[in-house]
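Undergrad: Take a look at the letters that make up each chain.
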Amino acid sequence: MIFTSIDYVVLLAVVSVVYWLLPWKTPRNLLILTASYVFYGYVHLWFLWLITGSIAWNYASALGISTYPARRRLILACSVIGNLGLLGAFKYFNFFVDNLLIVLNTAGISAHPISLRVWLPVGISFFTFQAMSYTIDVYRGRLEARRNLLDVAVFVSFFPQLVAGPIERAPNLLVQVERARRWNPAQFFSAWPLLIRGFLKKLVIADNVAVLADKVFLLDHPGLTLLIAGTVAFAVQILTDFSAYTDIARGSARLLGFELMENFEHPYLSVSPSDFWRRWHISFSTWIRDYLYIPLGGSHVATSLRYLAVLVVSMGLSGLWHGAAWNFVLWGVYHALLLYAYWSFGLAGRWQPNGILTTGAAWACMSLFTLFGWFIFRMPSLHWAVDAIRHMPLGLSGDTAVASLSILGLVATYSAPLWVLLVLDKWFPKARGWHAVFHGAALAMILVMLRDTQQDFIYFQF
Amino acid sequence: MISAAVFLGLCAGLAQLTPPPAPTPRELPIPLGHGEERTAAEFRADLEANQPAAVWVGSSLARNADPDQMENLVGRPCYRIRINSSGAAIWYLALKSVILATPHRPALAMIFFIDTELTWAAYRVETEGQRQGIEALKRPEDAWLLMQCAGYGASDPVDYVLRNTFSAYDQRSYLKTSAADAVKRAAVRPLGPIDNTTVEDALGRVFDPRLMDPELLWALQEASERTDEGAFDFAQQVEKSFLPHMINTANAAGVKLAFVRIKRLRDTTPGNQSPELQAYVASLREYVESRGAALIDFSEDPRLPRDFYTDGDHVDEAGRTITTAMIAEKIAPFFPDSAAILSRAQAVQAPVPASPGSGEGLVACQGATNLIPNGSFAAWKPGVSGALPESFMHANSEALSESAVPSRIKEYDGPDKIDGVIEEWQRPYHSDSLFRCLSVVVPNTDPGKTYRLSAVADNRSKGFVQLRVLEMEPMENGNWKPGQPIGSAAITLSRQAGFRRYAVKFRVQKNVPLLVVSLAPPEEDGVFPIQVVWKEWCISETE
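Protein chains in written order, with numbering that gives the first Met the number 0: chain X, 0 to 461; chain Z, 0 to 542.
One should not assume that every hint holds.
As the list claims (entries may be wrong) - Some but not every residue of chain X turned toward chain Z, in silico, with C-beta under 10 Å:
1) V13
2) S15
3) V215
4) A441
Hints in this document: simulated from the structure, not taken from any laboratory.
Even glycine gets a Cβ: it sits at the ideal position worked out from N, Cα and C.
Chain Z extracted, bound-state conformation (with noise of 0.2 Å):
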């Protein structure tokens, strides 16, 4: 009884704890294709404004192309539906209802998919997020497929008791990250007052996929997967598939369709596919080849190499270039001017690959709204603490907290006469405070829209340094303060590794000026002094 009563108190209590609202019904969950959070309607909207003669669908691995770079490999409107965590049964329903559901139609469909993703129907049809996405896509007329192929509607008993008797259960995602978030945020709390963000970006760099073995990622990530022997049986798993119905829905709204493999970490090392996965895709080439479709596998092309992947199936900004490349060769011969799209594709080189550490990967800064004068601090340097442009405003005389000590900024003279300025940090006093120094103020953003911060920087010490973006706050007298950080903008140095380029994107939520700002939060003292040498800060408006 004392269990009973404390297990239900216990459960009341953490519901009373509200997530953030979940998405209505009829709205995909997740960020789509150009835009965000689309629905299916919009989607048909997109299409039938863009008209674009090739779309592809996938999950969060649509990304590894980029729809501008192959528009423009491709000469004609390219279009990409993302919905990330989602799996066979979303992609028919997406091709169905939203790609051959409006009266423009595409000449090519792409599907994207990793290993046996095609043929495992009930994948990825269990949580929140993917009934949502199938609710917003399905029609009545699906109802049938979805439940003989995927099991879809004949939900779990216990779950949905679970989900309808104890609210807690139904919340426990948010449940389980706002308490890890605190935990974390109370952990590092020696190192000084570091929010969630910039914690979450320090785990992201200590595990970026690029510094671990790359044996022991693929053996850990196989192990999460589908791995019994059914599931290479592409005859038996086939026929209880959504495959056939792509193929068939496809052929008679007369769209060609073609699936794209993804190449994967694991494939980075010849041999590594298994002799099962190697008989399976023949003979899913095999079948799709002779019902009209095309299959499209590039995982064996050794010009996406292992630099490239931030994680086991996902690659970086320089990835997504030559993966683009590597499709539009692939697809050229489905139009006309084949020729003309083969010589620009086979023309794209591959990009250097990014660092680790860097978060977004190599971002040029062509076209981007320079912060300092010529993108670089050499037309600044001879009046370090004199005049920017007019559209900047220089504040590093004011300290972000009473207790700050601002670093010192200088035209760096170094041996190796770099072009730029150095910024120097001295023991805090305060081991409690933040400092700033170098900081400018960019005055006119849009809301809604993505912005880049870029920076060409040598973090010299052993300390930590970020830089991050602030929303700036109204004053009553007219004037502007720094307000909260923008938690997606944050760029952190890596510590003696030279010169580096780092890019991160974020959101602008508010009409209200950004305050770019270097930060070095306490350490112990053998890191101080903390030196770092600018070459560049960018920002540059993004898709």
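Here chain X stands alone, though its shape is the one from the complex (with noise of 0.2 Å):
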């Protein structure tokens, strides 16, 4: 089930209205529940077995390794192995042997092709992640293993950031889940702003940027200049696309009288490959920040090679997760030498430039990185890349000025309502009479810009 489809606005209001009228704390999370499995279960019933194939294998080993703390360490790596199997056979199963092949094809060692016709279940490293990061905070003695398998199942399948995230940790969830939540009228009217701007986001800007993307994407040699306005409409598409989902998430959330945690920060107004990462997907990096990166000792490093190893494989992985193709990779990887050359030159962590024209130069050279960095990450694959920059045209007239010029026209246009929230947000955060405004006439928008085919969220694939 899809936020933007009417099932899941039925969905919710029923969710909505029933969960207020319960009277206690279980019944309500019984309520989510259902309402988590009816949502993942929507499209395809055996997502459910996974599903709760998850919940008890975390839910086990976080007792086990509570239980038995002399077997801790073997209980986590059971239950890493078992969280990464899954993700391993439902996503990554055909990359592997298919880069196998390639291996021993290229070795003289002759192969039979294996591939499963695997569907793969939407939101799987989201959830994935999530509930390992209850066992892993269990294990490092930083939670208490929950008793309650409905507590713990609630906090995994939370349907509002199920599939897309925020990725959750369990301080801040499942604390919530266990809590006795009473009604607050002032956090469930704040929801509708983000539901609004969720769904404005989503059908009036992502879905409409993303037509112009796939198309130039679709070309076998687009010229630069058309490469260029394609990259800049899959930048837009992807951040809005994603930060809709977390609107809505959170917006959702607030309904049911809960708080998820922001993901998005204004991530192109970056100065820093850090800064960038510290303000786009924040769920997600801070996850491979505390699991990843600082366990193989990127917080602590003796040398500079060690640092930059680190850093591969932290980013390689992280890039790894959003699918499995090489330029996922490729993405994770050349992020990686990003953070490593401004660490080089003293720009990492908290650095900040100073005056107007170096901030300016800054934000105008992560932007281009950031840039390179989607096309990387949008390009259908390496030898498409390789190929097009080879025979790359310029595009400076003609059609291909004309479609350039068309596209980066229709882009602004359309990410205008961004700016405005960027301004709203950022210096009038308290003008709530100019967010009303704002907020009526987005309303306005999705009625009108809407397309009749609604495309699924980007991030759901991941």
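Two chains, two frames, some hints: make the complex.
TA: So this is what it looks like as structure tokens:
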């Protein structure tokens, strides 16, 4: 079930009303669990086996770690292997087999291709990482293992953020699940602006801009200007698509009395790679930082080379998390190299430029780097990119120029509400009247601009 | 409260932007068959008048076969009913209420479809145009079947409320298109005063499917189609589809029914059809053949290669020629003189694929009125600035705007000895002017008729060159002046692509002379001089 379907609106409306009519925490949690199972099993019932398995596995692992402290390391290893095995089987099996075959064939060893026709369960990476964080936190002693299966199940399968995040941690979400929740009108009504923003970003901006980006990346040899226009379109698409999901997730959760973490903080205002990763997909980047980068020694490396290795592994794997393809890995490694280059020049961590000119230059540089990163992320294949670049015309005149300018004009127009939002949020956060005007206009735009055919959220595939 | 007020105010304001008048409910919304904007009654009248032996109905894909060519191959009148964006519900209704509702019964009725469309009953019954099509064709007794199979009539309550509460929602297609057109026009302003048609044409050429990676194109197309597991379960889908009703209706009327499965771009790569789809088609064949109908499937015929496709499903003129011949081959057994039909169909040779960017594909100049004597510039070039035949007027001394600098034309004397003229534009004086020199006036055109403009040319520069057709406007002194360009009549020459034949169709609305003109909008300095070698300009009347 997707957020922008009428089915979801009905589900959310029914659950929100019935939920607050129920007097106690346990029936409310039962209702959320039921709604989450309806939400996730809506397209394929067998998806429910996966999520049930993930809940049971991590619940048992955490309890095992807590009950048998002497074997906690072994239990954690089994738990992680189980979680990653689930991901490997459903998301990466064909990728690994295909690449293994290439290696074997290159080495002159003949091997028969094996391919599984697996339907990738939506959001498997999100709920697997969320469940893993619970077990790892219990292992690290930051959290007590929970005995209430219902609470753990609601934490792992909480439908507003089940398939595209934010990837919540147990100390935030599980604690809220366990707590008695009271009707809070301020929280309830603060959900609506988030929902409107989410629908605006998805239905008005992302879905319309996606068509433009898709067209460019379908071409065999787009010219340089067209490629730039297409990449800009994709940059807007991926930000609005993904942050729309987060907004709707946060708004939906607020209707039920939950507060989910913020996932984006104007990432295209970044002035350095570290800054970018503090603003982009925050729940995922902090997950990678806490459970991969720091354990690998990234925060206290002895040598420059080791730091580079830690970055490449962390970011390469985070790229692979996005999908079973080499361009995602390359995108991760590219960001690792960017982080390393900035670190080498003393521009890592919390570095901020001084003065308007320096800030402008830093922002412009980082924007170009980010755009090139999105090009790597979006390119259909490495082969396509090499071929397209090798035969790339400039496209400064004629049809290509007309097409490029048209795309850029449309992207600028579609993304105009983002600029208004930025100004309102950053400089007029308390101007409630103007915010109300914006949300009224946003509703009208949604009504007029929504496409007849809607697209899935990009991050569903991750 | 503020949000609500802004929302309602904007909706009311947007609703004031009036879209063009919608077709009346009794009018099929789409250009159909030989003519355009025909009602169901007009259709029936056409069928009765033409007495066709073979009739086919389909969506825009019905245009993948040409009725005139089919008529020549089959040796009998043929008729096409094209209803764009239609699905099985409309095809069933068209079969029942148009083809089989006339006293004349064709020997063969065909329904064009792709993949699983025949058993996808709820496909294409939602939009305004589709609803109008259904309303125009359905009879009271069809209501229950439409509801049962396609859920038609049980409308989406949210859509219903929005449509009836906010006019802006109902007009969103018009509002979006108008806004997007305005944005594109403004965005390309740095390149010169380019109208929307030119922008759309340029976008069409840049995003020509033949310039796209076929695998990626197909993946995108497939992602937007029905791919759920149930779609390929023929036994399950057929029960709640219009397919049994189509067959029963045709059988009861004594008309042979054939389902024509259109070959898709995907199918030009062997082995691209999924096992599920292959199993579905096998079940479909067994089902229709066991009930006296036929399935025509040429999806694996190699005579229709990728070059003929203008997108994932539609073919160009050349593709239409070969598709028509392939269908004629398959339907030959349904007629007594099958051997003759087969022989004629097999004699059709696959034409040379059109080059990307030419829009209409390869169009011969046969039967055309040549704008230039003898179809080429050969007879004219000795007096390039001299007289043309009586029916034409050479207008190269009149600039389109005061600041325009005309191009120069001279006989081509290049080393390749091409029989033509070369036109050259030098650096412009003013960046906002258009330049033309080579132009002719066609005095006698009939309103409502469709014409085809074609040219053979080589744009040897990096510049942007177009052929446009303008309607002349009468002046008080009895003379004429260039007026508005006809939107669809624009040919843009591919840059540095060698000699190519370009063609475009356009419709004349008024009984006024037409001015055919070559244009080179201002561009950056690097592209000048712009040089084009012309071999031919032709204009011809089409169907």
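Undergrad: Each hint needs a verdict: does it hold in this structure or not?
TA: Hint by hint, here is what the structure shows:
no., hint, verdict
1, V13, "violated, 15 Å"
2, S15, "violated, 17 Å"
3, V215, "holds, 8 Å"
4, A441, "holds, 8 Å"
The structure does not agree with the numbered hints 1, 2 stated previously, though it agrees with the rest.
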